[in-house]
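Fit chain B to the supplied structure of chain A, relying on the hints for placement.
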Amino acid sequence: MSQTLCTRTLGTRDVYGDVLVRLGQQNPNIVVLDADLSCSTRTEKFAKAFPDRFFNLGIAEQDMISTAAGLAAFGKIPFVSTFAVFATGRAWDQIRQSICYSMQNVKIVATHAGITVGEDSATHQANEDIALMRSLPNMNIIVPADGIETEKALEYLVHDKNPVYVRLSRCKFPVILDSDYVFQKGKAVLLEEGSEATIIAIGIMVSRALRACEMLKKEGLSTRLLNMSTVKPIDQQAIVAAAEETGCIVTAEEHSVIGGLGSAVAEIISERCPVPLKRIGLNDCFGISGDAEKLLTYYGLTAEAIAQAVKDVVARKRKRN
Amino acid sequence: MPPLPESKILELKETARQLRIEVLRMLTRAGSGHTGGSLSIIEILVALYMVKLRHDPKNPRWPDRDRFVLSKGHGAPALYAILARLGYFDPAELMNLRRLGGMLQGHPFNLSTPGVEISTGSLGQGLSVANGMALAAKLDKSAVRVYVLMGDGETQEGQIWEAAMTAAHYKLDNLCGIIDANKLQIDGSLSEIMNIEPIARKWEAFGWQVFEVDGHDFQALLAAFDQCEQVKGKPSLIVAHTVKGKGVSFMEGKVQYHGVAPTEAELEKALIELTC
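In order, the protein sequence lines correspond to chains A and B.
Residues in the first sequence are numbered consecutively from -13, following my numbering.
Residues in the second sequence are numbered consecutively from 1045, following my numbering.
Looking at chain A on its own, in the form it has when it is part of the complex (with noise of 0.2 Å):
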């Protein structure tokens, strides 16, 4: 079996990089901060383009965050970015109160999410900071499923003035959606129609989805997929439908199953219409250095095992009725 469907791959920080330049030639107020990480977060091609509107604040992630709310609350919109596991772990109060709390304009922008950091092992690899962002009122979280998603997202959220956490990583993610997407918050988007079994998946997992789908259907199990780009708000509405209609759920996230995708589904689920439901993820461990495909291979986020995942819970299902 192929290892992607598509060929085409792109790194969603490289986009961002390319992104935030276009954006601040369009938007004088696009104001940009680092901690010391600008060359992997991308952002030093906007540091190279505008210096002036750049701020490298040194490693001092809990001092970017506030410094950030304070040049929001003056009017500036404010891009901030280090590792996912620095800005949400080390700065969580500051931005629970400077932003969050403050409801200021900024956009945090994280780089090197989940376990495909890869050999810099679990101190670097952020498995926990969606439950983290997820937690904080007024937060909205968005986890591109690829290069065009982080871009049409960007694009949409210099538009939005709400507190948001953006999840981008390190590796380079197969090309899924077409170049006339278009970016909804808080909408799914539907991505395979399917009858009897749904799969939700955010981030790298949404291209390992698609090609579960194309097994099972080989298979001859009907499979619908959505790509839940937007953690938060989440689409109560097409989760809700996906369990009235198709009647099991399967979950993929390159991130822990406590506070994460998987969490987010069950609570609705089990409020509104409880099925049965299998949460792929990172089960309440810390990651291991290793090559980025070899640790979704050893954490079993695979398609295979999204597919395999897919037929327990259908069968769970089957047993059911």
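Just so you know, the hints here were simulated from the structure itself, not pulled from any lab data.
If you're wondering where the values come from, they're calculated on a predicted model, not measured in any experiment.
Warning: the hint list may mix true and false statements.
To be verified - Only some residues are given here: those of chain A computed to face chain B with a beta carbon under 10 Å:
| no. | residue |
| --- | --- |
| 1 | ALA59 |
| 2 | SER84 |
| 3 | ALA108 |
| 4 | VAL168 |
Even for Gly, the Cβ is constructed at its ideal location relative to N, Cα and C.
Relative to chain A, chain B alone:
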């Protein structure tokens, strides 16, 4: 600015006396809150809001206003008292401090209270926020100045020192930090709990221009604010030496009034002192 005439200073002193009474009344009514650290910052706030700041209570979002950030958010009662006095909101709100449905939250909340620039309470964040405002003002080539009031205990937070580096690195001479140096924190004196001295030398070493004044002396405070405006190429800091619980003899210098509201009996006793 030349020194203010004595009549003006007397007027400021009278305002400070009245605000102390307001603060004690609202805290007693609320039944909880931070008395000591509200009373220690009264003169600083009066000097800023009644003399120094360019602001318009009728237009709290006026883009060219000077910014003030109360980083030590627990001093909220004092801030609320002066904001109400100046007309940012109905003074009747003061008696609803900390009460369900009131606009005045236990710590400053920008979305509910006109005049509050940003929410504070979790210590250590306000200087960074002020830096962001000062950076934005510089980008806009604006004459806006940014003032931020920190507690001395608050400087135990690591983020303060991150922000101290940032302000100096970006040469934020449109920023003026003030430390309410009342020398006490909840668990005891700073020297016992976590010594911050030599505080002036620390800030100087971080690249700031430092002034030390009596934080209850209007002429000294105003002279220091004027001096800060003359500093170019670096941020300035005023270490305002204050007395926790200032103005009420039995509260002055007492740790136990850090986070406790006066009882009705204590209020009565305090009002006698403040009205004589």
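The hints, checked one at a time:
1. For the restraint placing A/ALA59 at the interface with chain B, the shortest Cβ-Cβ distance is roughly 6 Å, inside the 10 Å limit, so the hint holds.
2. With a least beta-carbon distance of about 5 Å to chain B, the hint placing A/SER84 at the interface is held under the 10 Å criterion.
3. Interface hint at A/ALA108: violated, since its Cβ lies 24 Å from the closest Cβ of chain B, which is beyond the 10 Å cut-off.
4. For A/VAL168, the shortest C-beta to C-beta distance to chain B is roughly 32 Å, which exceeds 10 Å, and the interface hint is violated.
Going down the numbered hints, you'll see the structure goes against 3, 4, while the others check out.
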